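Chemist: In order, the protein sequences belong to chains A and B.
Here our numbering is used: the first residue of the first sequence is 115, the next is one more, and so on.
Here our numbering is used: the first residue of the second sequence is 27, the next is one more, and so on.
Hints in this document: simulated from the structure, not taken from any laboratory.
Since this is a predicted model, take the numbers as computed values, not measurements.
Glycine included, each C-beta is placed from N, C-alpha and C at the ideal position.
You may find that some hints are simply not true.
To be verified - Partial list, computed: chain B residues near chain A (C-beta under 10 Å):
(1) Ile80
(2) Val82
(3) Leu89
(4) Glu116
(5) Phe237
(6) Ile242
(7) Leu399
What follows is each chain in one-letter form.
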Amino acid sequence: MKRKYPKGLVKNIKLVDREEYFCPGHRACQGCGEALAVRLMCKALGRDTVIACPTGCIEIFSTPYPTTAWKLPWIHVAFPNAAAVGSGVEAGLKVLRRKGKIPDRYVKAVAIGGDGGTADIGIQALSGAMERGHDMLYVCFDNEAYMNTGIQRSSATPFGASTTTAPAGKESIGNKTWKKNLPEIMVAHNVSYVATATNSHPIDFMNKVKKAREVKGTAYIHCLSVCPTGWRAAPELCIELGRLAVETGVFPLYEVENGRYRFTEMPGDLRPVEDYLKVQGRFRHLTPDQIKTIQDRVNLEYRKLMNKVEHPPPEL
Amino acid sequence: MSRRVGMEVAIAAAEAVALCNIDVAAVYPITPNTHVAEHLAEIVAEGRIDSEFITVESEHSALSAVLGAAGTGARTFTATSSQGLLYMQEVMPIASAMRLPVVMVIANRALSGPLNIWNDHSDIMLQRDMGWVSLFAENGQEVVDMLIQAFKIAEHREVMLPVNVNMDGFQLTHMVEPIELPDQAEVDRFLLEYKPYATLHPDRPITMGAFAMPEIFTEVMKAKDVAIVNAKKTILEVWKEWESLFGRKYEPVAAYKTEGAEVVLLTMGSMGETAEVAIDELRREGISAGLLKLKLWRPFPFKELKKAVKGVKVLAVTDRAVSYGGPGGPVCAEIRSALYDEPERPVIVDYIIGLGGRDVSVEDFITMGKRALEAKIKKPREAYKFYGVRGE
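Next comes chain A alone, as it looks inside the complex (with noise of 0.2 Å):
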């Protein structure tokens, strides 16, 4: 498939910007997904940013005090409200500037979270900014489960995933609902932009990153935030993984422009799921039954999400 790349959007990593906002040094685990991803991030956004960010995984290993790998401003308050306190931010920001207090230029507000608070209990919070329009960007690291406090489930967990508080055993398959459509309930917020991404995609994910910095209004990416450590795989895995979970079509990567939905990498003749399950130990009491049924699962998500994507699809 031949890209034209609209001005601004990264087409080759050699021309991603040279600074770096997520600076080396923290205390993330071998192959976190999720350092990667918010580093790419941080470069997509540029210096005119400021980030709000609740209590989990990158908030413990990017800021034990007194050291921080932020070189941009960063304010961490609680475990619920990194989408109010982005808000507050937003709010803050936009009247300081009209009031002269602050030098006048466009500084963007930006949320984050993991997937436990933004799914679980920051999902009030999250949705809130997002019905009131801040001009504001949100993104969930997704690693699929509580990962800073040891592998608890969350309501993104995949189905049948060993966790600690949903552990597999005779009498269980490990976790028992499927997760949690974010990126659904976002679209069904009516906000401009919002899209799904992986730090295997990097290019794919810092141009989702530049387009929802750019969108007036508010903007949400889902990045799916490949975890070794909670996913019970080999750290020099993560970026394999994340190209699984595309090839698969578990984890499609698509986005929503103003309701408009468009795929963005097309993997062409989808693997199969297991491909994806097997390489990590929190699949592996899974029993070619249960597979199947996660396998059907996958089909009917992707044909549903087929089916809203417009053909042909429009131009980029």
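Starting from the known structure of chain A, fit chain B onto it as the hints suggest.
Modeler: This is chain B only, laid out in the frame that chain A set:
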């Protein structure tokens, strides 16, 4: 020039906040605080002040949004009551730890359940240890004055702490009172422009709210404690300046006819005015009674309290909250503890009264004063007593 207006107190509170020219307010509606939010929204809608008014989806988000805005260097305000204050509680200690000078007005209301929308102090008493400066207003005038003072106290470089101003729900919020409303020039002269120390801006990036390991956490907590203890000096200065500008005097422990009093009642908030009438009546009956009104709750005014109760035989504390199975209502427990080391301390009796909007009349204060006097001879057996319980 100040102008004298007849105004509902909640409306006057919003007018006072508008005079402080806030940058951002985020408020979630809750009775009896709604009129503050509504009137402030009107003021912003009419363009009388240039502010962002965020209609958040919960109190938790109200305080969170206000903290985000305060982080950018904005002057911020929020308001709540009761369960709403409890919902904010998670964020309250963070505001004080991050030293963000937020101002909040609380229309004090009972906690559920059973559901009750009327006044007592059980909401704020639970927030005692959040590291906020806490003021109690006796009437509408004090609500207005204290709100303007609150911004000056909160933003003072040596304080930099959130401040809450407490007004009794309905008993104050929904009363129309004569109020001296200062004019803009007067407030501007008193309340200088807020110059924040560190803000969220890319020109000087900082990390706010870094997580603290055990090696440093205690030091941060001590810093907060030192700040709030030292805040008393600033509060007294601010009150002195207020008195010189507006002629209205504010004291941490205001005394009414306590000279030579044998029995002294102690109130917080709006009950003070009713109690004053009772004191006059008791004095007419030949009982040397007096009244203390506690207006500064945090930092606690130990020195002023000790001075105020010198020579008093019996101190009757009224508590509008219960510490279930505890050593007395929250106010009385503190006062007992504060006076424990005094060589000549009064006998202290604690009346739990006025819960959930139960009327407290002049007669009640007279009865309490007389009953308390009996404690001079026979010390009470219980640490606290519910006053006026049906069937007792």
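Chemist: Hint by hint, which ones does this structure get wrong, listed from lowest number up?
Modeler: 7
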